[in-house]
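Use the sequences and the hints to build the structure in full.
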Amino acid sequence: MSGYDLESVDGRIEALRRMLTIRVFDETAGDRFADGEIPGFVHLYIGEEAVGVGTCAALAEDDYIASTHRGHGHCIAKGLDPEHMMAELYGKADGYCNGKGGSMHIADVDAGMLGANGIVGAGPPMATGAALSIDYQDREQVAVGFLGDGAVAQGQVHEAVNLASTWDLPAIFVIENNQYGEGTPVGKQHNVDNLSDTAAAHDIPGITVDGMDVTAVAEAVGEARERARAGDGPTIVEAETYRFRGHYEGDEQVYRDDEEVERWRQRDPITSFKERLIDRGELTEDEFEEMEAEVEATIADALEYAKEAPYPEPSEAYDDMFGEPVPEIEEFARQAQAQTDGGER
Amino acid sequence: MAQAGVEQTETMTVREAIRQGLREELERDDDVYMMGEDIGDMGGVLAVTGDLIDEFGEERVRDTPISEAGFVGAATGAAATGTRPVVELMFSDFMGVSMEQIMNQMAKMRYMFGGKTEMPVTVRTTEGGGMGAASQHSGTVHTWIAHFPGLKAVAPGTAESAKGLTKAAIRSDDPVFVFENKMIYEQQGEVPTDPDFTVPIGEAAIEREGSDVTVVATQRLVGESLDVAEDLAGSTSVEVIDARSLYPLDTDTIVESVEKTGRLVVADESPLSYGIHAEVATRAMENAFFSLDAPIQRVGTPDTHVPFSPPLEDEVVPDGDDVRDAIDRIA
Numbered sequence: 001m002s003g004y005d006l007e008s009v010d011g012r013i014e015a016l017r018r019m020l021t022i023r024v025f026d027e028t029a030g031d032r033f034a035d036g037e038i039p040g041f042v043h044l045y046i047g048e049e050a051v052g053v054g055t056c057a058a059l060a061e062d063d064y065i066a067s068t069h070r071g072h073g074h075c076i077a078k079g080l081d082p083e084h085m086m087a088e089l090y091g092k093a094d095g096y097c098n099g100k101g102g103s104m105h106i107a108d109v110d111a112g113m114l115g116a117n118g119i120v121g122a123g124p125p126m127a128t129g130a131a132l133s134i135d136y137q138d139r140e141q142v143a144v145g146f147l148g149d150g151a152v153a154q155g156q157v158h159e160a161v162n163l164a165s166t167w168d169l170p171a172i173f174v175i176e177n178n179q180y181g182e183g184t185p186v187g188k189q190h191n192v193d194n195l196s197d198t199a200a201a202h203d204i205p206g207i208t209v210d211g212m213d214v215t216a217v218a219e220a221v222g223e224a225r226e227r228a229r230a231g232d233g234p235t236i237v238e239a240e241t242y243r244f245r246g247h248y249e250g251d252e253q254v255y256r257d258d259e260e261v262e263r264w265r266q267r268d269p270i271t272s273f274k275e276r277l278i279d280r281g282e283l284t285e286d287e288f289e290e291m292e293a294e295v296e297a298t299i300a301d302a303l304e305y306a307k308e309a310p311y312p313e314p315s316e317a318y319d320d321m322f323g324e325p326v327p328e329i330e331e332f333a334r335q336a337q338a339q340t341d342g343g344e345r
Numbered sequence: 346m347a348q349a350g351v352e353q354t355e356t357m358t359v360r361e362a363i364r365q366g367l368r369e370e371l372e373r374d375d376d377v378y379m380m381g382e383d384i385g386d387m388g389g390v391l392a393v394t395g396d397l398i399d400e401f402g403e404e405r406v407r408d409t410p411i412s413e414a415g416f417v418g419a420a421t422g423a424a425a426t427g428t429r430p431v432v433e434l435m436f437s438d439f440m441g442v443s444m445e446q447i448m449n450q451m452a453k454m455r456y457m458f459g460g461k462t463e464m465p466v467t468v469r470t471t472e473g474g475g476m477g478a479a480s481q482h483s484g485t486v487h488t489w490i491a492h493f494p495g496l497k498a499v500a501p502g503t504a505e506s507a508k509g510l511t512k513a514a515i516r517s518d519d520p521v522f523v524f525e526n527k528m529i530y531e532q533q534g535e536v537p538t539d540p541d542f543t544v545p546i547g548e549a550a551i552e553r554e555g556s557d558v559t560v561v562a563t564q565r566l567v568g569e570s571l572d573v574a575e576d577l578a579g580s581t582s583v584e585v586i587d588a589r590s591l592y593p594l595d596t597d598t599i600v601e602s603v604e605k606t607g608r609l610v611v612a613d614e615s616p617l618s619y620g621i622h623a624e625v626a627t628r629a630m631e632n633a634f635f636s637l638d639a640p641i642q643r644v645g646t647p648d649t650h651v652p653f654s655p656p657l658e659d660e661v662v663p664d665g666d667d668v669r670d671a672i673d674r675i676a
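These protein sequence lines map, in sequence, to chains S and V. Residue 311 in my numbering sits at position 311 of the first sequence, with consecutive numbering throughout. Whatever position you read off the second sequence (first residue = 1), add 345 for my numbering.
The hints are simulated quantities; they were obtained by calculation from the structure and are not laboratory data. Fair warning: there could be bad hints in the mix.
[What the hints assert, rightly or not] Computed footprint of chain V on chain S; a stretch qualifies when at least three of its residues, placed anywhere within it, have a C-beta under 8 Å from a C-beta of chain V:
id	region
1	32-43
2	109-123
3	133-147
4	157-166
5	313-326
[What the hints assert, rightly or not] Residues from chain V that keep clear of chain S, each with C-beta distances beyond 12 Å, as calculated:
id	residue
6	Leu391
7	Ala392
8	Gly579
9	Val661
Where is the CB? At the ideal position from N, CA and C, for every residue including glycine.
Now the structure itself:
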């Protein structure tokens, strides 16, 4: 499996560590964005850690995930390295996408991470496609498409689920219902009690689980994985969760009140899982503090690394357009290189 | 590639040439499979895929639901994860239905991910007016794709290039759109039968040599321009180039021809404003300005949709007469 199967104590400790890593990574990214160091848009995963980690804990290392615009948590859950992630947020040359993707597009296809995605609802078709490759080549994997509650309103999501269902593809669709599609509450966007009810239209299982409970998510995704691997097609798993921060950093959040946020914060997925492990004698407070210190050091190192890493050369803007280069792009690259060389004289 | 002059050819239609190209690539590479609406048992709405399902089965010749965003998106995800899908979009007008997956995913993933994935997907689709199919089934939209960074676009004008470009598209690790003009499926030509024959993406073909005027044409207008050139032989010597590849575009072949003839007509069925015509004309001016002896002429659809009623359709869809008029204006 993924190296942190929740059936084992070590796996549970690792799951807690990953949730904590996501939390600290995103708090750091939020702070540095507020400082003006990170360009663009930043969408934080704080509060939703149990969904990404619970899902990836149930997956094999070479399974695929297709992510959303709120993708940092999925990356860390899947095992991507915070240094190259942070470098990508800073637009640096050895970020995961060589500085071309940024927060919303971190990808590492070889690691099974098919990309965060700036388009709401675009991940599920990608997961269906990956599941098609798996099925076509008789491979032993599954593909997970993450989507938010807002994306459930997108036509391409239903097309992707329909295709996966019709062709019995090994796909799992994980809806992260964080209660808001950008700034609009879920009840104003959908007329179903549970978003997993949409599974009925495709005659596949749809279940709603507590998305603040990492083991509940892992269990549901684990069952969905078994079903997918048995050739019985996709499952929709809706995880009810909450985003503690705004839709994006800088969002004034006029659409909700502090009381609601505080109520959900009482159910913090990290604190509750930590307490459960302590109650079961699998972790001590001291060990948790040690873990916290390690995670904070890891992210501090990642930040330092990202800040000091070099930016790409301007001519690198012309790399990676095509596998087989075209003369048009080569000409632009040549001109950029000539300008750089000329400027240095 | 087989050497010119010694290669074996067969006479066949554009439709048969494309099907032969598809069949050869399905035979050559197990990772290649096709998806589209009614391409299996029905054989394709314009009969291009024919009986391929009998040879290769429904795993490799897949009928999809009427769900362009879904299956174009799935093809994109599949191409990023180790297989080589060939998608048929029944009519290019339907590209609008799947445009999100084309422009934000297929075109951008490789670049946006810093080269972390290949995108070996082929999209075949039909274009063009002339069969009374009205505005939603007659469009010529290849400019969209040729204009959009990260996508390659080809538009064959002969049976030979239809087969060769189809095969090259399938073998390419990049997303390639093959735009087939539906009015030339029955047009015949000599087609190489060597299974390794391909037409490199990015190379134009000089279909007829001439010295007075260059006509750079695409799709149906290649054949019509060749007929015009034949009619004018003796009075005006017309060089006809099949652009074949719209992006990348073979600037060198076009420029060398313009340097020789000094006159250029660009004939392409897409709407005139901001079209392929403008791109070809600009490259000719950038590279051969001092060779030009007359203003460049454009032949295309006059910025309308394609109407249903036959006299209206005849009015807007460009043909050989429009090419001849353009030549007359400058030769």
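Quick rundown of the hints versus the structure:
no. : hint    : in the structure
1   : 32-43   : violated (count 0)
2   : 109-123 : holds (count 8)
3   : 133-147 : holds (count 5)
4   : 157-166 : holds (count 5)
5   : 313-326 : holds (count 7)
6   : Leu391  : 23 Å, holds
7   : Ala392  : 25 Å, holds
8   : Gly579  : 37 Å, holds
9   : Val661  : 31 Å, holds
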